[in-house]
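Here is how the chains run, residue by residue.
There are 6 protein chains.
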Amino acid sequence: MKAIYPGSFDPITNGHLDIIQRAAHLCTELIVAVLQNSEKQSYFLIEERLDMIKKATQNLKNVRVRSFEGLSVELCREEKADCLIRGMRDIGDFRFEWEAAQLNKNLGSIETLFLMTNTQYAFLSSSRVREIARLGGNVAHWVPESTHKYLFPSKEG
Amino acid sequence: MKAIYPGSFDPITNGHLDIIQRAAHLCTELIVAVLQNSEKQSYFLIEERLDMIKKATQNLKNVRVRSFEGLSVELCREEKADCLIRGMRDIGDFRFEWEAAQLNKNLGSIETLFLMTNTQYAFLSSSRVREIARLGGNVAHWVPESTHKYLFPSKEG
Amino acid sequence: MKAIYPGSFDPITNGHLDIIQRAAHLCTELIVAVLQNSEKQSYFLIEERLDMIKKATQNLKNVRVRSFEGLSVELCREEKADCLIRGMRDIGDFRFEWEAAQLNKNLGSIETLFLMTNTQYAFLSSSRVREIARLGGNVAHWVPESTHKYLFPSKEG
Amino acid sequence: MKAIYPGSFDPITNGHLDIIQRAAHLCTELIVAVLQNSEKQSYFLIEERLDMIKKATQNLKNVRVRSFEGLSVELCREEKADCLIRGMRDIGDFRFEWEAAQLNKNLGSIETLFLMTNTQYAFLSSSRVREIARLGGNVAHWVPESTHKYLFPSKEG
Amino acid sequence: MKAIYPGSFDPITNGHLDIIQRAAHLCTELIVAVLQNSEKQSYFLIEERLDMIKKATQNLKNVRVRSFEGLSVELCREEKADCLIRGMRDIGDFRFEWEAAQLNKNLGSIETLFLMTNTQYAFLSSSRVREIARLGGNVAHWVPESTHKYLFPSKEG
Amino acid sequence: MKAIYPGSFDPITNGHLDIIQRAAHLCTELIVAVLQNSEKQSYFLIEERLDMIKKATQNLKNVRVRSFEGLSVELCREEKADCLIRGMRDIGDFRFEWEAAQLNKNLGSIETLFLMTNTQYAFLSSSRVREIARLGGNVAHWVPESTHKYLFPSKEG
Numbered sequence: 058m059k060a061i062y063p064g065s066f067d068p069i070t071n072g073h074l075d076i077i078q079r080a081a082h083l084c085t086e087l088i089v090a091v092l093q094n095s096e097k098q099s100y101f102l103i104e105e106r107l108d109m110i111k112k113a114t115q116n117l118k119n120v121r122v123r124s125f126e127g128l129s130v131e132l133c134r135e136e137k138a139d140c141l142i143r144g145m146r147d148i149g150d151f152r153f154e155w156e157a158a159q160l161n162k163n164l165g166s167i168e169t170l171f172l173m174t175n176t177q178y179a180f181l182s183s184s185r186v187r188e189i190a191r192l193g194g195n196v197a198h199w200v201p202e203s204t205h206k207y208l209f210p211s212k213e214g
Numbered sequence: 058m059k060a061i062y063p064g065s066f067d068p069i070t071n072g073h074l075d076i077i078q079r080a081a082h083l084c085t086e087l088i089v090a091v092l093q094n095s096e097k098q099s100y101f102l103i104e105e106r107l108d109m110i111k112k113a114t115q116n117l118k119n120v121r122v123r124s125f126e127g128l129s130v131e132l133c134r135e136e137k138a139d140c141l142i143r144g145m146r147d148i149g150d151f152r153f154e155w156e157a158a159q160l161n162k163n164l165g166s167i168e169t170l171f172l173m174t175n176t177q178y179a180f181l182s183s184s185r186v187r188e189i190a191r192l193g194g195n196v197a198h199w200v201p202e203s204t205h206k207y208l209f210p211s212k213e214g
Numbered sequence: 058m059k060a061i062y063p064g065s066f067d068p069i070t071n072g073h074l075d076i077i078q079r080a081a082h083l084c085t086e087l088i089v090a091v092l093q094n095s096e097k098q099s100y101f102l103i104e105e106r107l108d109m110i111k112k113a114t115q116n117l118k119n120v121r122v123r124s125f126e127g128l129s130v131e132l133c134r135e136e137k138a139d140c141l142i143r144g145m146r147d148i149g150d151f152r153f154e155w156e157a158a159q160l161n162k163n164l165g166s167i168e169t170l171f172l173m174t175n176t177q178y179a180f181l182s183s184s185r186v187r188e189i190a191r192l193g194g195n196v197a198h199w200v201p202e203s204t205h206k207y208l209f210p211s212k213e214g
Numbered sequence: 058m059k060a061i062y063p064g065s066f067d068p069i070t071n072g073h074l075d076i077i078q079r080a081a082h083l084c085t086e087l088i089v090a091v092l093q094n095s096e097k098q099s100y101f102l103i104e105e106r107l108d109m110i111k112k113a114t115q116n117l118k119n120v121r122v123r124s125f126e127g128l129s130v131e132l133c134r135e136e137k138a139d140c141l142i143r144g145m146r147d148i149g150d151f152r153f154e155w156e157a158a159q160l161n162k163n164l165g166s167i168e169t170l171f172l173m174t175n176t177q178y179a180f181l182s183s184s185r186v187r188e189i190a191r192l193g194g195n196v197a198h199w200v201p202e203s204t205h206k207y208l209f210p211s212k213e214g
Numbered sequence: 058m059k060a061i062y063p064g065s066f067d068p069i070t071n072g073h074l075d076i077i078q079r080a081a082h083l084c085t086e087l088i089v090a091v092l093q094n095s096e097k098q099s100y101f102l103i104e105e106r107l108d109m110i111k112k113a114t115q116n117l118k119n120v121r122v123r124s125f126e127g128l129s130v131e132l133c134r135e136e137k138a139d140c141l142i143r144g145m146r147d148i149g150d151f152r153f154e155w156e157a158a159q160l161n162k163n164l165g166s167i168e169t170l171f172l173m174t175n176t177q178y179a180f181l182s183s184s185r186v187r188e189i190a191r192l193g194g195n196v197a198h199w200v201p202e203s204t205h206k207y208l209f210p211s212k213e214g
Numbered sequence: 058m059k060a061i062y063p064g065s066f067d068p069i070t071n072g073h074l075d076i077i078q079r080a081a082h083l084c085t086e087l088i089v090a091v092l093q094n095s096e097k098q099s100y101f102l103i104e105e106r107l108d109m110i111k112k113a114t115q116n117l118k119n120v121r122v123r124s125f126e127g128l129s130v131e132l133c134r135e136e137k138a139d140c141l142i143r144g145m146r147d148i149g150d151f152r153f154e155w156e157a158a159q160l161n162k163n164l165g166s167i168e169t170l171f172l173m174t175n176t177q178y179a180f181l182s183s184s185r186v187r188e189i190a191r192l193g194g195n196v197a198h199w200v201p202e203s204t205h206k207y208l209f210p211s212k213e214g
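Protein chains in written order, with the working numbering: chain A, 58 to 214; chain B, 58 to 214; chain C, 58 to 214; chain D, 58 to 214; chain E, 58 to 214; chain F, 58 to 214.
Think of the hints as simulated: they come from the structure by calculation, not from any bench. Treat each hint with caution, since some may be false.
Because identical chains share one entry, a pair is satisfied inside a single copy or across any pair of copies.
[To be verified] Straight-line distance between alpha carbons at most 25 Å, and here's what the computed SDA-like set of lysine to any residue pairs gives:
# : residue 1 : residue 2
1 : LYS162    : GLY193
2 : LYS112    : GLU136
3 : LYS97     : SER65
4 : LYS137    : HIS205
5 : LYS118    : GLU96
6 : LYS59     : ARG121
7 : LYS59     : HIS82
8 : LYS112    : ALA190
When you get a sec, could you build the whole thing from the sequences and use the hints?
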């Protein structure tokens, strides 16, 4: 099974990494696809987001990292992938994911498989991590090490 | 990927069949495992439930049907399966499935992958089908043909 | 618009009465239909439930009270009603109501219209009222006066 | 029963049209009222939104289309309408609708009646349609024909 | 603040113990009150449930354990407690707890304070623990040590 | 128990005031802490928001009102508070509050206690109040008297 895990990863969190590691076990190839959305400003540059994920996943042999623009269903066709993979942290994620999965099924017959995020990361999101880092809180336990230098640039320099 | 789709299937509905067909596409082997729960009376006998599913899935080459008792994690070990597969009809299924997935992850490091049920079957459940059939309503569009003779025995005889 | 408000009303609460009063304003005729379920034991007899509702709604000229068995869609056909009416107390009612509405639409092209229960009754249900009355709590503010004598028989005698 | 179906309709989808058709059956007159919100930029002009709806509903004799600004309760008073009509696609719509219905009941004793959107349109929203159209996806099955030329202007020219 | 933590505790889990430990920090006295419900059969005897909790909380100086029958509001009056304490594991607990809190506020002006269960116990419930123990699964990490001998009597004998 | 009730209070509503009054009963000291968020524009100035709350709570002897910037956990440390207090209006508030409570527990071992907002205010939010006031609706019953002059400046002048 060749699968694509699409997302913004702005930045990648340990919750995302948990999904990548578990999905990589079930797939022959897993592509982590970072959305480049021309309509919505991201906090980190696309190059930074790709770099953080590549470093965090470098010991996973069947994981490839790339960027994409446009519809997930087009990406699946281009990559000849069998399905999309998404994580669900809690019931609050359900509706958005349900709508997206039904849309992708209707738009391009693309299946979406869901994994439940490990409970210890269920309250994490990229936006929470950014907000807490901005206010000086310690988010070191919530993001992969490769992400630290982007969130705490001065300390790493 | 070898996967197990566990459930009561009392009886199998077109919602279940939708999940089986789509999951079979993504797996090398899919085992539909019918729960025999000694503590809870089922409406149909285990033999009837197995028979209905076998007939409904006979043209799916990589699907096997069997019964099981006890914990899903033990079943996974016995079958050397990579993961469990479950369908989610709507947000009302979330909590039960989330708890079961977290338990199985903690009990035996077993992953659960979820597919969203096709919207046209999202309001179906085995208990609704049984109740409406009992009251004389027409459920022919909601269950596979192999299930009709069990729900409408006199009409088929 | 001729509408049917089906339910168990075991017993009628002020939440139910709120829905009846508001729906009666919008309909030419409103039929309150009390379910007689041969498979499930009710706490009050069907005669008692009908009697409580008739007394509580006697000043509403376009409201009729009756019992029914079987499917709501058959009842709608028999009464030539335009739709079903149901109340929703809070999000916890959503899934059951959504499934029932979709089933009735599919089974018999019957529409269901929903009203939101007044917030002051949103935490009330027939089962909560019965349980609290059984434990000696004061539920007089939560049920119509016509229901008191059934819940507090000795005090009324 | 004279009812108002208020919304942004930016643009109208087949989910909206489904609600309009079903509500029109239950009402003597149904007014589709398009919100002109001076605080929030819409994607389509108010004239475009009105035009799309008028064309999509032209064969429904008891449906009238108009714009409005301000509070729904004022609109109801002005039109002497009996109630508001709203669709609910899934549980994700519940909270917003529940709050709005309770506010309108408290602000102006205005009732809101809800219909459940047909399951085949439950994952549709105006914003999803706009986003997918922008990315080049095919949304022709999700909007009325009268809306195509606004979403695919070049193809229609 | 003197508080009461009511529940069935059939049996106590590590999720319950987490709430007790955290609530005890915030209260001058915390009473763990075990419900003896004459209408509903419990799995463990009331003496067993009291014993398990007493052992699990023996090093918490301001915690007292007792049984009760009837309404929580009566218990609060009898104990002159300031409020009830309840844990919420996830959104699935919300509705039941919301209704109970509103009822207790209306019945007897009793406040309920909620704590969120630690995420590592969020999927645990007494009924899940009993079911898994019955099927031979290892629940040792999910209940206090004082509960083991009741769930695995032969191993402890 | 010394507690902090943090929020934006833009403006304070009767729902907020309900939580303040009830929490003040359970605490030795309650600090209402108004968030000054440099990243997000508030509708009312911080001085206005503080002033409205001070006036609305002036007869509550153990309530203090202050502003804060940054993380709630830092505020708790600075004030040596035992916990945070938050209100939940309905299930729609659950997810945000659950995430924030788990984050604060993980970031700084800070507990959060929740009270359920009185049902009569459950549909109120500061943003709804602002929107309705802007459109000329009467929100006098939904905010404390001290807030009227800010929402209806001309009428008070």
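Going through the hints against the structure:
1. Taking the shortest alpha-carbon separations for LYS162 and GLY193, only the inter-copy value of 16 Å comes in at or below 25 Å, while the best intra-copy value is 42 Å.
2. Only within a single protomer do LYS112 and GLU136 lie at most 25 Å apart by alpha-carbon distance; the minimum there is 22 Å, versus 36 Å between protomers.
3. For the identical chains of this complex, LYS97 and SER65 are neighbours both inside a copy (11 Å) and across copies (22 Å), given an alpha-carbon limit of 25 Å.
4. Taking the shortest alpha-carbon separations for LYS137 and HIS205, neither the intra-copy value of 34 Å nor the inter-copy value of 30 Å comes in at or below 25 Å.
5. Proximity of LYS118 to GLU96 under the C-alpha cut-off of 25 Å is found in neither arrangement, the shortest distances being 33 Å within a copy and 41 Å between copies.
6. In this assembly of identical chains, the alpha carbons of LYS59 and ARG121 lie at most 25 Å apart whether taken from the same copy (11 Å) or from different copies (23 Å).
7. With identical chains, the CA atoms of LYS59 and HIS82 are at most 25 Å apart both within one copy (11 Å) and between copies (12 Å).
8. Taking CA atoms no more than 25 Å apart as the test, LYS112 paired with ALA190 passes inside one copy only; the shortest distance there is 20 Å, against 35 Å between copies.
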